[in-house]
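Trainee: Residue numbering for the sequence shown follows my numbering, starting at 4 and increasing by one per position.
Hints in this document: simulated from the structure, not taken from any laboratory. All values reported here derive from a predicted model rather than from experimental measurement. Wrong hints could be hidden among the right ones.
[Claimed, not checked] Calculated cross-link-like contacts (lysine-lysine; reagent style BS3-like; alpha-carbon spacing at most 27 Å): (1) K19 to K40; (2) K73 to K52; (3) K81 to K52; (4) K81 to K57; (5) K40 to K52; (6) K81 to K28; (7) K40 to K28; (8) K19 to K29; (9) K81 to K34; (10) K40 to K29; (11) K57 to K40; (12) K57 to K73.
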Amino acid sequence: MSAQASKEVHPAARRKPPAAGKGRKKGTLNKTTGLLKEAIILAAQNTGKDGDGKGGLVGYCEFLAASEPKAFAALMGKVLPMQIVGDGEGPIQVVIRRFS
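Sequences and hints are given; from them, build the entire structure.
Mentor: Here is the structure:
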């Protein structure tokens, strides 16, 4: 084997960027996740309480709480901080009231 042949680099290795495989920097948001969040919020705002945007995002949350309490409770579980305590440092009690 000649000296020149051993120094030859595979063509694919030459095209690889210097930061390839290192991933995103810490704290950098995933663009797709951000776009999806924006789309979900915009859809809820446009739907509102009445399907025509009444009340915006809050109106949609009111609609969701009234029509799909299980889904709304799951959403609340994602939004509320985990360190909340109830009366007397006891557990929190969540009461969902449906009005017909």
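Trainee: Of the numbered hints stated earlier in the document, which are not met by this structure?
Mentor: Hint 1 contradicted; others consistent.
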